[in-house]
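Residue numbers (the numbering used here), protein chains in the order written: chain F, 1 to 116; chain H, 1001 to 1111.
Simulated from the structure, these hints should not be mistaken for lab results.
Errors might be hidden in some of the hints.
With a Cα cut of at most 20 Å, we get these calculated SDA-like pairs of lysine to any residue [said to hold, decoys possible]:
| id | chain 1 | residue 1 | chain 2 | residue 2 |
| --- | --- | --- | --- | --- |
| 1 | H | K1103 | F | K24 |
| 2 | H | K1103 | F | L46 |
| 3 | F | K68 | H | R1098 |
| 4 | F | K24 | H | K1026 |
| 5 | H | K1103 | F | G42 |
| 6 | H | K1056 | H | S1024 |
| 7 | H | K1103 | F | A88 |
| 8 | H | K1026 | F | G42 |
| 9 | H | K1103 | H | S1024 |
| 10 | H | K1103 | F | G59 |
| 11 | H | K1103 | F | E44 |
| 12 | H | K1026 | F | A88 |
| 13 | H | K1103 | F | V89 |
| 14 | H | K1026 | F | E44 |
| 15 | F | K78 | F | S109 |
| 16 | F | K78 | F | A88 |
| 17 | H | K1103 | F | S87 |
| 18 | H | K1103 | F | K68 |
| 19 | H | K1103 | F | R41 |
| 20 | H | K1103 | F | T38 |
| 21 | H | K1026 | H | T1067 |
| 22 | H | K1103 | F | R64 |
| 23 | H | K1103 | F | P61 |
| 24 | H | K1103 | H | L1046 |
| 25 | H | K1103 | F | S109 |
| 26 | F | K78 | F | R64 |
| 27 | H | K1103 | F | N71 |
Each pair of labels, with its calculated beta carbon distance range [what the hints assert, rightly or not]:
| id | chain 1 | residue 1 | chain 2 | residue 2 | range |
| --- | --- | --- | --- | --- | --- |
| 28 | F | Q17 | H | T1064 | 45 to 53 Å |
| 29 | H | A1078 | F | T76 | 38 to 46 Å |
| 30 | H | G1016 | F | P81 | 31 to 39 Å |
| 31 | F | D30 | H | D1066 | 40 to 48 Å |
| 32 | H | N1038 | F | S73 | 21 to 29 Å |
| 33 | F | T38 | H | A1081 | 22 to 30 Å |
Just so it is clear, CB atoms sit at the ideal spot from N, CA and C, and this is done for glycine as well.
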Amino acid sequence: DAGVIQSPRHEVTEMGQEVTLRCKPISGHDYLFWYRQTMMRGLELLIYFNNNVPIDDSGMPEDRFSAKMPNASFSTLKIQPSEPRDSAVYFCASSFSTDRGGYGYTFGSGTRLTVV
Amino acid sequence: SQQGEEDPQALSIQEGENATMNCSYKTSINNLQWYRQNSGRGLVHLILIRSNEREKHSGRLRVTLDTSKKSSSLLITASRAADTASYFCATVDYGNNRLAFGKGNQVVVIP
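Please model the complete structure; the sequences and the hints are all you need to start from.
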């Protein structure tokens, strides 16, 4: 398996533009997570899905952020409009449910977003 | 949700020495996990310990869990320069699958 695949690796955009981050989880994993990492706030859970259904989006900073998972092999995180404070590294991760063995989460390589 | 809190924040050791990091948490957990992150890279899962386990080993890694004190430690034995990275503990509560991270320990192993 190629692991969790995120695209793009780097994104530089101007303030006010729409940004879409993409994630392909590991086949067979039934959970998908979006995290954001900054120096100031560390790793923050934004939202997670179980079987393609959003379970908890309480970490989504505001209405400018939205996430979808149209099928088991694809998810997007969209920021519209983007702001400089959204600059961060965004990680996608997937896993089996803890009841099925708790093998830990597999993280993608992340998307480094810079909003200027 | 609660987050693990690692201690110390930064550690610099000589190659061959052991490195120990501690983590505390605040609520009842299903399991606790440790991850490594190399600079500019994603997180790599190292080891998972369940709430009914007290100690676990994986290669040069040893993890302990004390649920009465709500704390965990990660020991890396015979450290190598390649172990230089940030190490995060993260917890999963009962009833959900949220992984809540602490702020991380920066470990530098000097060759």
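*Which numbered hints are broken by the structure, listed smallest first?*
Going through the list in order, the structure violates hints 1, 4, 12, 18, 22, 27, 30, 31 and respects the others.
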